[in-house]
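Undergrad: Sequences and hints are given; from them, build the entire structure.
Residue numbers for the sequence shown follow this note's numbering, beginning at 1217 and rising by one.
It is possible that some hints are incorrect.
[What the hints assert, rightly or not] Between beta-carbon pairs, the in silico distance windows are:
| id | residue 1 | residue 2 | range |
| --- | --- | --- | --- |
| 1 | Glu1420 | Asp1353 | 23 to 33 Å |
| 2 | Gly1251 | Asp1353 | 30 to 40 Å |
| 3 | Ala1497 | Arg1460 | 52 to 62 Å |
I should point out that these hints are in silico values taken from the structure, not numbers from a laboratory.
Even for Gly, the Cβ is constructed at its ideal location relative to N, Cα and C.
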Amino acid sequence: MSDPADLVDRTRAFVREHVLPVDDAHDGDIEAAGGDELRVKLQEQARAAGVFAPHAPVDCGGLGLGMVERSAPFEEAGYSLLGPLATGIAAPDEGNVHLLAHVATDAQRATYLQPLARGEVRSAFAMTEPAPGAGSDPAALLTRATKVDGGWVVNGRKWFITGADGASFFITMARTSGEPGGAGASGSGGATMFLMPASTEGLEVVRHVGTVDRSMIGGHCEVTYTDAFVPDSEVLGGVDEGFRYAQVRLGPARMTHVMRWTGAARRAHEVAVRHVTEREAFGSRLADLGMIQQMIADNEIDLAATRALLRTACEELDAGERASASTSIAKTFAGEALHRVVDRATQMCGGLGVSTELPVARIAREIRPFRIYDGPSEVHRWSIAKRAVRRVEKELG
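TA: Rendered as structure tokens:
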């Protein structure tokens, strides 16, 4: 295995030499920068530099890094909005690699995991639905798979499916028993994950849903399923076990989001500190003014606290724990803390902070959805509070 410290240094050097110039030239807009053509080029350069897909299993060409080990290199990749894509650690592919590595059969690994981990294809994870379907509440899942001879027929509608345009395959969550919101609709029963090639008849990427972020290749799309047949061999995990198996993906994926966005927020902070150190006003450097110093210090605190909560959650995940509480706490805190970091950086840079002259404005644009994606802060707080109440109720008997 590569020395972790060396991997961090090489990732830092790679991102600064090969990725930041593209990011800066195109304001973090992946499609304007070249889309999949650029992705292939950057990923070839990442392989040559030895920094591609360090999280992937060793038998897939990766380094098999655990959650704690991948934190620092993922943060370095996130220093550029296009860095995660360039190094093969961007969502949703990174989370799908993790899920497939833990759940897929040998045949599924060969068909889906191997080419995905090598960067030969892209993928999508299709769970979110328009109202009244599954959003923050997975128990509302409406997309349904009906058993037929030799497989399943899927009907439904998904949206906000990241990376759908151009994806080679979809991991689709569909209801296989029970009713939306009813008994068995959540937990271990009610839903199943299916591996569906993009060429599946009846599966259609209908449109892009316009969003503020522009760094996610393949956009966030509406996808429909009309009598789409899936053979039994493409069930991922067990029938009616989809929600349970999804947790294999969701907790770690939330933490890798934190890693990447910490890198982006750190860049905004460093740009702002450089600006106030060089800029003079009112007879002194801005960096010597008390109000500016408070913003700098608060950013340092938020970044350090984010990393500390992240490490706690990652240690639990590496120990084989589900880590539901610690990942919710880390994701909620990070989503808000990193937003504060970028907002303060914007304020410290003044007019430049909302311009395209500096990267701060585009980082603010990209990081805002993090408080919503992979579970809004309010839902995570609800979950955190319920655990605390149950803990006290248990103590009280």
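Undergrad: Against this structure, judge whether each hint is valid.
TA: Okay, the hints, checked on the actual structure:
Between Glu1420 and Asp1353 the beta carbons are some 25 Å apart, a value that agrees with the proposed interval 23 to 33 Å. Evaluation of the 30 to 40 Å hint for Gly1251 and Asp1353 yields a pass: the beta carbon distance comes to about 34 Å. Our hint of 52 to 62 Å for Ala1497 and Arg1460 holds, since their Cβ atoms are close to 57 Å apart.
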